[in-house]
Every structure is written in C-alpha cells, then in structure tokens.
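Novice: Put chain B on the given structure of chain A with help from the hints.
Protein sequences appear in the order of chains A and B.
For the first sequence, the working numbering begins at 1 and goes up steadily by one.
For the second sequence, the working numbering begins at 1001 and goes up steadily by one.
Please keep in mind that the hints were generated in silico from the structure rather than gathered at the bench.
Any given hint could be a false lead.
[Said to hold, decoys possible] For each label pair, taking beta carbons as the anchor points, the in silico distance ranges come out as:
no.	chain 1	residue 1	chain 2	residue 2	range
1	B	1312	A	56	49 to 57 Å
2	A	7	B	1249	24 to 32 Å
3	B	1396	A	56	43 to 51 Å
4	B	1317	A	56	49 to 57 Å
5	B	1394	A	34	44 to 52 Å
6	B	1257	A	7	12 to 20 Å
Yeah, the Cβ is synthetic: ideal placement off N, Cα and C, and Gly gets one too.
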Amino acid sequence: MKVVFERCLHCGCCVGSCKQNAIYLNDYVLEFSDSCNRCRRCIKICPVGALSMEDE
Amino acid sequence: METHECDVVVVGAGPGGSMAAKYAALGGLDVILLEKRAEIGSPLRCAEGVSKKWLEEIDVAPDPAWISADMDGAIIVSPSGHTFKLDESHAGNEVGYVLERHLFDKALAEQAGKAGARIWMRTAAIGVIFEDGKVAGVRANRMGDELEIRAKCVVAADGFESQVARWAGIDTSLDLKDMDTCLQYRMANIDVDPNYCEFVLGSAAPGGYLWIFPKGEGKANVGIGVQGTKCKLGADPKHYLDKFIAADPRLSKGTVLEIVGGGVSTCPGIDEAVADNLVIVGDAARMIDPITGGGICHACRAGMYAGKVLSECAKKGDFSKEALQDYEEMWRDRMEDKLYRNWMAKEKFAELSDETLDKLVLAIKDSDIEEVNVYNLLKVIKERYPELIEEFESFI
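Excised from the complex, chain A in its bound form:
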C-alpha cells in the first residue's frame, strides 16, 4: 500500500474498515502487514484519499 502522509489525518478509518486487521496506526505511523489481501476497502473509504496500491 502507498500512503500519502501529507494527506493522512491519522483518523483510523482504514484500520476499522480492514477485515484483515492488517493496519497499524499511531500518531506518526501507518503500517500495513503482510496479511493485507488487497481488498481495497481502505482505499475506498479513506476520507481524504490518502491511500492507493503501490503498483497501480
């Protein structure tokens, strides 16, 4: 996953939406674990469009 940190509000929307519980967030970090299955839910619901697939 690609994160545009300049947009990210650290709001946790992506974390709560992730069926795989694959996202770790604190005030300064947003990390995706290997259990991400590329379902795109987090990309879809990010309120500011900070997420995208790295290879797309």
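Specialist: Chain B only, in chain A's frame:
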C-alpha cells in the same frame, strides 16, 4: 522485556476507557489505562454534539470547562431545502450540548486518575497475551520500549479501530454498508445560527448526513458522513463537504481552523462483548447509534457498567466469560433494542431518494410531536409511510 502486573488493563483513554478505569479503580482494583497518543482527546475525531440527560446517568456534572455551546434545538434540512426547526421544548433528548471533546476526555481521564488508575501516555497496545488459550494481558509499546502488561482482565476501549478484540479472536469487523466515513472542518468566521444544530439530509451526503454544530458565535463543526458502500470517487467525504460549503453563502467565506477525519459504525452492537478475561466497550463494541452516529453516551455508560462489574468479579476472583455476563446484560438492557431499531431504520433511510426524504421532512413538519427524538420521528413516519417501517415496527 519489561513486565508489569495489574488487575485490569484498559486500552484507550477515550470516554469509555476512562469510565471503565474509574469505576474499576473505585472498586479497589489496580488499574493501568493505556493511551497511545501524546495527548488525551487529541486529535479530535468527533462532531461533539451530545444530549444532556445521560450525564446524570453516569454521574458526571456538566462543566462549562468542556461545554463549548448550549443548544436551543435542531434544524433538519431536506434535500430540496425544506427545514424543520425543533426548539428545545420539542427537541427532547436528541440535542443538548456541543462539547470541547479534548477537554471532556481529559476531565474523565482525570477522574479515573483520581480514583486511583495509573494512566500511561504514549503507550500503544500492539497485541494480546494469551495463557492457556485465554487473554492474560496485552503487549504494548511505551515510548519505544516494548513491554508486557499482565492483567486478570483486559478492557478493549480502543475505539473505531477495534483491534484488541480482534487480536483476542472476536470479530468486530464491519461491512462497508455498516460504516460511515467522516470528515469535518472546524470553521470560524461563518454566519450560522449559534444556538441550533443543523442536519442536512439527502444525496449531498450519500447514505449519511451533513452537520453544522455551532461552537460559539461565528464558529462551528461542519462535517459529513458518507456510507462506506456509497464511496465511489476517492476522498468522497472531502468532495461532498467542499461542495456543500462552497454552495452555502453562510459558510463559503469561512476559515477552516482544523480538519478532522474519522469512522463510525452504523450497525447494531456486536454479538458478544465479553470473553474470558476480556470486556469490550464503546465504539470498539460498535455501540454507536446507527442513525445519529452518536457514541459518547453509550461508551460512557458501557465503561461505567464494565468498571462496576469488574469490581464485583474481583471479589469472587473470577473474570471468566460467565462471570462477565452481568456486563453483557447491563449494556444490552440499556441500549441494544435502540441500536437494533435505529440500525433497521438506517438500512431503509440510507436508500431513500431525495424526493422521498423531502416528503418525510414535510410529514414531520406537519405533525404535532411533543418531544422530538428518533423514536417519535419513526412513529410519525409509521403513520404516513408504513411501508418504510414495516420490517421493524415491533421496535416502535
């Protein structure tokens, strides 16, 4: 690795976590309350509107220090601009205060600390410790140092993210139709009624609504929630919110002082909010009202119930799932029917056309409701448009 022991470790110092910590500590338990952030209540993730009466229920006296504005009522705006104004005598329980959440949360945490809970800031839970297949504490990162906090019971109060419960094996994940993604601007230099909360319905906020919650003269939280399944554009909330503000002359020349994002669940509460040595409270247990998106009062009640039940469990030395059933019963008795009813209502209303929403607002406007709340609004709708309600009329 550093190891600590306590009776109860609470993850998350939001309202639910602080209330649980407070009441567990008052019951004589050794409580550690973890907050991953550097400041309790910040960054904000909330529209800050609450009703008034529930504060009595959780024994918290209203304090001007954390009340930003006292509302006289609410205005509901239909898609084509019909408005329905509820003054305080009719607004009942659904409007009340607009809070300063960052100060409210700190006040509750302060009470937890006064009751004896230890609060550890900048300490993020990163996993759950299991022993013999049961929860036995959490692993955490405290300002860069990994540590283990062993406890007789874990309270998962980690909000919308709800990771602790999932680490413990309870599925709290959401369908996209059962969550709204939200964006809010704290605005100044705007020209809105400082005494009325405004709710704008319709396709301007697909599956959700837009809100203007005043925070004193010329200031307000202006925000939007969009249903997860209706996000199509990328950054949908920002798109719709910017469009709404640009088109409203009261707001378009305003100044944005803060941008706030966040997610809310719009489902009924989770099926099981306890497991052996684990209690789940507030947003983490999906206790948010699916129609209004309000969750502070539910989180506070649930936290209080959890803290009291944990105190009783400690006397028997039993934190098993069975022993924690009292908590399950208390929160379900108090809020489950309403969560379920409002979830059914949301399922219907999120799909209504602008035309139908216009009709509904007009129907409500013509009715003579004594006290306006979701229940009474549904009753009026049942009279005029029974087909919208038939699947869940037993709840009305």
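Novice: In ascending order, which of the hints set out earlier in this document are inconsistent with the structure?
Specialist: Those not satisfied: there are none.
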